[in-house]
Amino acid sequence: MKSILLTGATGLVGSHFLAAHRDDFAIRTVSRRRPAEGTAPGMHTQVDLSEPWDAGVLPQRIDAVIHLAQSEHFREFPEHAVDVFAVNATATVRLLDYARRAGARTFVLASSGGVYAASDSDFTENARISARGDLGFYLGTRLCSEIVAQSFAAYFNLITLRFFFVYGPGQRPDMLIPRLIQYVRNGTAITLQGKEGIRITPTHVSDAVAAVRKSLELSGTHTINVGGPEEFSIAEIASIIGRHVGRSPVFAVDHGAAPKDVTGDMTRMRELLVPPVVRFEDGVQTMLRPGSGA
2 MKSILLTGAT GLVGSHFLAA HRDDFAIRTV SRRRPAEGTA PGMHTQVDLS EPWDAGVLPQ
62 RIDAVIHLAQ SEHFREFPEH AVDVFAVNAT ATVRLLDYAR RAGARTFVLA SSGGVYAASD
122 SDFTENARIS ARGDLGFYLG TRLCSEIVAQ SFAAYFNLIT LRFFFVYGPG QRPDMLIPRL
182 IQYVRNGTAI TLQGKEGIRI TPTHVSDAVA AVRKSLELSG THTINVGGPE EFSIAEIASI
242 IGRHVGRSPV FAVDHGAAPK DVTGDMTRMR ELLVPPVVRF EDGVQTMLRP GSGA
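Okay, so the sequence shown: first residue is 2 according to my numbering, each after it adds one.
Hints are computed from structural coordinates only; laboratory data are not their basis. The beta-carbon is built from N, C-alpha and C at its ideal position, and this holds for glycine as well. Among the hints, erroneous ones may be present.
Said to hold, decoys possible - The following label-pair restraints were derived from C-beta to C-beta distances:
#: 1; residue 1: Val149; residue 2: Glu237; range: 36 to 44 Å
#: 2; residue 1: Glu218; residue 2: Ala56; range: 23 to 31 Å
#: 3; residue 1: Ser120; residue 2: Pro53; range: 37 to 45 Å
#: 4; residue 1: Glu52; residue 2: Arg290; range: 20 to 28 Å
#: 5; residue 1: Arg106; residue 2: Arg280; range: 41 to 49 Å
#: 6; residue 1: Glu52; residue 2: Arg173; range: 16 to 24 Å
#: 7; residue 1: Gln151; residue 2: Glu237; range: 34 to 42 Å
#: 8; residue 1: Val246; residue 2: Gln151; range: 39 to 47 Å
Please build the complete structure, drawing on both the sequences and the hints.
What follows is the structure, encoded as structure tokens:
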């Protein structure tokens with residue numbers, strides 16, 4: 002059975018990956034707190050990636066590393082800049098070095114579709130990257146981790162996954178789709194940049210998990226967008242939510258703002274990984290069921 006070191010196992014994609022594949026792999030989870038469920042006895046290592054930590058606590062040999070962890074303070078710049086950089090950049094370097102020494106054949110790195118510069122069309126993986134300060138600190142650390150990871154590509158298969166707006170049951174309430182659900186339910190005004198707001202590519206967590214799973218089978222070095230099969234404006238997303246909760250969304254339109262769309266081209270995902278299959282109309286309903294956390 003293939004052995005995997007999984008960071009971010011308490012996050013959305015990590016927890017769903019663990020639940021879906023705990024019987025398929027020997028998964029060693031690494032996080033500040035033990036995942037609520039799914040980790041086999043003796044297969045969790047408590048490590049705070051935002052603090053100095055000793056790689057000696059990790060298994061001496063591993064087949065693959067899946068680095069999904071991100072700082073929970075990713076919006077809190079500059080107050081938690083050190084924490085964000087430690088998790089997103091410093092920990093990435095330490096895990097890359099660990100993977101090399103532990104004989105890993107594959108390293109899967111989570112990044113973001115937000116690293117691209119502005120464009121009038123869907124972002125392909127070869128689109129221009131924004132490396133200036135306007136990228137923002139969090140996305141800057143994501144781009145930094147991508148760059149340093151490339152130096153390790155000679156030692157193992159390196160798969161960088163640029164996720165676009167992943168959503169699903171159990172997601173933190175401060176993330177985009179859970180916030181929109183609560184705004185619609187509560188009648189809170191949703192601010193739109195322009196008439197419809199930005200356009201995004203929402204990705205159900207099951208499609209994200211399927212992409213992570215398939216990436217373990219790839220050889221070589223690849224950077225791949227991971228997104229859903231559709232794209233919508235924020236107004237369209239809120240309206241779909243409204244139909245399911247029985248309440249029309251309230252909008253506050255900022256006519257002076259120019260929306261900066263964040264939509265991805267998923268051709269490479271379909272060719273190398275799996276085609277995204279979960280429509281937003283269906284995916285959002287998994288968050289509206291009792292006990293889903295939304």
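Hint-by-hint comparison with the structure:
1. Our hint of 36 to 44 Å for Val149 and Glu237 holds, since their Cβ atoms are close to 37 Å apart.
2. Between Glu218 and Ala56 the C-beta distance comes to about 26 Å, which sits within the given range of 23 to 31 Å.
3. Restraint check, Ser120 to Pro53: a C-beta distance of roughly 39 Å satisfies the suggested window 37 to 45 Å.
4. Evaluation of the 20 to 28 Å hint for Glu52 and Arg290 yields a failure: the beta carbon distance comes to about 37 Å.
5. Roughly 35 Å separates the CB atoms of Arg106 and Arg280, a value that falls outside the hinted 41 to 49 Å.
6. Between Glu52 and Arg173 the Cβ separation comes to about 21 Å, which falls inside the hinted range of 16 to 24 Å.
7. Between Gln151 and Glu237 the beta carbons are some 36 Å apart, a value that agrees with the proposed interval 34 to 42 Å.
8. Taking the beta carbon of each, Val246 and Gln151 are about 44 Å apart, inside 39 to 47 Å as hinted.
Hint violations for this structure: numbers 4 and 5, all remaining hints satisfied.
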